[in-house]
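Novice: The residues making up each chain are set out below.
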Amino acid sequence: MKFASVRQVIVLTAVTCIAFYVLDYYKNPQLWHSKSVALASTDKGPRLTLWMNHLCCTGCLADVRQALARLPGLDVANATGPKQLLPQSEANQPGASLLDYGNVVEVPVTDLGTLDLVAVDRALRDKGFVAGRMELGGVEHFRLEAELNHLCCGMCDRAIHERVAFLKPKGLGGQFKWLDSVSVDHEKRMIVAYARFLQPGNTADVEEFVSGLNYLGYAPRSLRIVVGEHMQHTSDKRGD
Amino acid sequence: MRPRLVFLSTAALALLPITVVYAHERFIRHDLKFPLHEQYFGRHPGVLLGMQPDMFRIGTISCILLMVFLIIFFFRQNLDVFIEHRVLSGLRGRSQRFLHHVANFLTDKPVRLRWFHAIGEWAVILFLRSPALVLMYSATNDSLVMPSYPLEPTSSIYFKYIQVFLAILMLTQTALPLAGAFVIGTWIYLWRWGWMVSADAIPVLTVAVMYVSSPWQSHKLSITEMSEQQLRWVRLVLGFGFLALGWLKIYNYHLTAGVADNYPAVMDDPLIGFFAMGTNPVFRRENWIIAFALAEVLSGFMLMMGVFTRVWGSLMLWVLTKLMLVNFGWDEIPHIYPIAATMAIVFSNKARSEFAFIENIQQRAGREGRTLLRLTSATLASMAIAVLAVFALLYAFTFIDRSNL
Chain A
1 MKFASVRQVI VLTAVTCIAF YVLDYYKNPQ LWHSKSVALA STDKGPRLTL WMNHLCCTGC
61 LADVRQALAR LPGLDVANAT GPKQLLPQSE ANQPGASLLD YGNVVEVPVT DLGTLDLVAV
121 DRALRDKGFV AGRMELGGVE HFRLEAELNH LCCGMCDRAI HERVAFLKPK GLGGQFKWLD
181 SVSVDHEKRM IVAYARFLQP GNTADVEEFV SGLNYLGYAP RSLRIVVGEH MQHTSDKRGD
Chain B
241 MRPRLVFLST AALALLPITV VYAHERFIRH DLKFPLHEQY FGRHPGVLLG MQPDMFRIGT
301 ISCILLMVFL IIFFFRQNLD VFIEHRVLSG LRGRSQRFLH HVANFLTDKP VRLRWFHAIG
361 EWAVILFLRS PALVLMYSAT NDSLVMPSYP LEPTSSIYFK YIQVFLAILM LTQTALPLAG
421 AFVIGTWIYL WRWGWMVSAD AIPVLTVAVM YVSSPWQSHK LSITEMSEQQ LRWVRLVLGF
481 GFLALGWLKI YNYHLTAGVA DNYPAVMDDP LIGFFAMGTN PVFRRENWII AFALAEVLSG
541 FMLMMGVFTR VWGSLMLWVL TKLMLVNFGW DEIPHIYPIA ATMAIVFSNK ARSEFAFIEN
601 IQQRAGREGR TLLRLTSATL ASMAIAVLAV FALLYAFTFI DRSNL
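Residue numbers (this note's numbering), protein chains in the order written: chain A, 1 to 240; chain B, 241 to 645.
It is worth saying that the hints were derived from the structure and are not from the lab. Bear in mind the structure is a predicted one, so any value in this text is a computation, not a measurement. Heads up, some of the hints might be wrong.
As the list claims (entries may be wrong) - Heads up, incomplete: computed chain B residues facing chain A, CB under 7 Å, no partners named:
no.	residue
1	E392
2	Y429
3	A439
4	P455
5	W456
6	H459
7	I598
We put the CB at the ideal spot given by N, CA and C, even for glycine.
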């Protein structure tokens with residue numbers, strides 16, 4: 001009977017591990033580079049980091065800036081784009097290519113109250129872009145309020161509760177890590193998503209919520225960020 | 241004898257319900273709703289060990305409990321002699337045989353019963369194959385190894401196929417050393433998400449022990465038993481996994497408190513209150529974290545070191561099964577795997593203890609008629625082990641600021 005030697009086990013383990021790391025690095029570039037972007041955002045106040053699945057040259061960046069320019073709550077003038085972006089003329093050359101055509105634009109948020117994330121999404125789409133992720137950072141505790149045009153009955157409400165509960169573990173591929181719970185205000189036709197505490201340097205991909213609602217069959221009219229209330233110790237609350 | 245047995249079973253039952261939410265915080269909601277008193281977990285100059293007095297009190301209770309269990313364990317041979325020659329001498333037939341088997345079960349001695357052996361064989365088969373079910377379940381839930389490690393959509397398809405391939409190896413018992421290397425490699429890869437994720441996944445390595453020590457032509461064999469060495473390593477890894485999870489609860493106390501915030505009923509358990517008795521109610525959640533974590537540390541430690549392995553294993557079996565079927569439901573279905581691992585240990589007749597050398601010293605002293613040495617060696621050893629097992633890390637953690645975790 002032939003058993004595996006220690007050397008064989010070590011080699012096979014190392015090969016497995018390295019293969020997983022390589023696969024992860026090449027297939028998930030957004031994860032390997034997101035931390036540096038997120039950390040850079042710390043202490044700069046609220047920021048919206050847009051992961052554009054396509055943003056290859058200065059022409060693309062100009063169009064993105066133009067799309068966002070008229071939206072309230074965003075400081076597009078101080079938005080930071082990728083540093084080493086090909087000029088449009090160079091990108092136009094035959095044979096010009098990139099390893100990754102996606103890029104990141106970080107936009108300071110000047111007024112959380114007026115910022116409408118659905119409007120951001122729509123403005124980008126109208127210009128021909130799609131933000132793969134919209135990561136909100138620099139806000140410790142917040143909730144998202146999505147206004148709907150349609151929420152006609154109790155079953156509409158229940159469907160949201162049940163299917164969000166279904167979505168969370170399924171996670172459309174494991175997202176929604178930031179999402180704590182969801183409530184429905186039938187009178188206001190509003191879905192409220194409560195976020196978990198966001199540690200400094202971390203971000204929440206709010207685009208997940210928009211695509212999640214779309215997946216459930218709802219198209220929000222607007223999606224606003226509301227900063228959460230201050231919390232108290234439980235013993236303080238009880239008056240212990 | 242009788243009071244001892246009564247004490248043993250009472251203590252075991254007393255600890256049972258507090259293990260109800262063991263190691264499940266990753267599967268269930270654990271977001272922190274209210275801030276904790278952060279200073280509780282830090283240094284407190286001027287008090288014993290610089291530890292928060294309530295934390296010290298809970299540590300002391302846990303330490304005494306562990307010590308008592310160890311002392312009883314070190315005298316288990318004498319206990320056995322007492323049962324066989326005093327208690328059972330008056331009995332005959334079925335009742336005598338039944339109590340003999342029960343005593344053997346409780347004291348980790350071989351149980352020579354056909355059905356017991358058959359369950360043990362089946363448990364090993366389940367243990368070897370159940371990880372495949374967990375992998376398949378994870379793959380269909382877009383996650384890696386466990387549903388709590390979600391995969392990114394950009395790479396999920398590759399990892400899912402790899403998991404299915406690995407599951408096929410496991411189900412068909414093909415090239416098990418390769419499957420073992422895959423499991424260990426995957427576990428090391430989990431370090432990419434942080435050491436705490438890897439610590440959380442230590443139990444996954446339990447089955448890798450079996451796989452890497454199986455022959456290459458494993459598909460031609462019927463593996464229904466673990467060797468003494470395999471059993472020892474399975475016990476060590478599984479026990480260590482639970483021990484690590486216990487300490488992780490104190491280290492990453494925000495996460496543990498988050499479970500309590502979402503399931504406040506778990507804090508109202510009177511038996512956790514036993515560990516936290518006499519503590520300041522202002523620090524109720526903080527005390528609960530320490531009490532809950534140390535209960536898990538104790539059970540992990542005893543399983544790892546082979547102290548009343550079957551008793552602790554049976555408790556864990558009951559708890560894990562109840563969690564899967566009653567408390568948390570379908571989300572806990574991956575616990576088929578730790579249930580299978582624990583079953584394989586409980587129904588094995590090759591249980592050994594890592595503290596056998598202390599028992600030997602104690603027995604030798606007994607044969608030489610040195611009663612004082614016997615009692616002293618067993619008591620001092622129990623005390624030293626209990627203090628080290630409970631207080632070493634508890635003390636060390638007070639020096640580490642974990643408020644930002």
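Novice: Return the numbers of the hints above that this structure violates; sort them in rising order.
Specialist: 3, 6, 7
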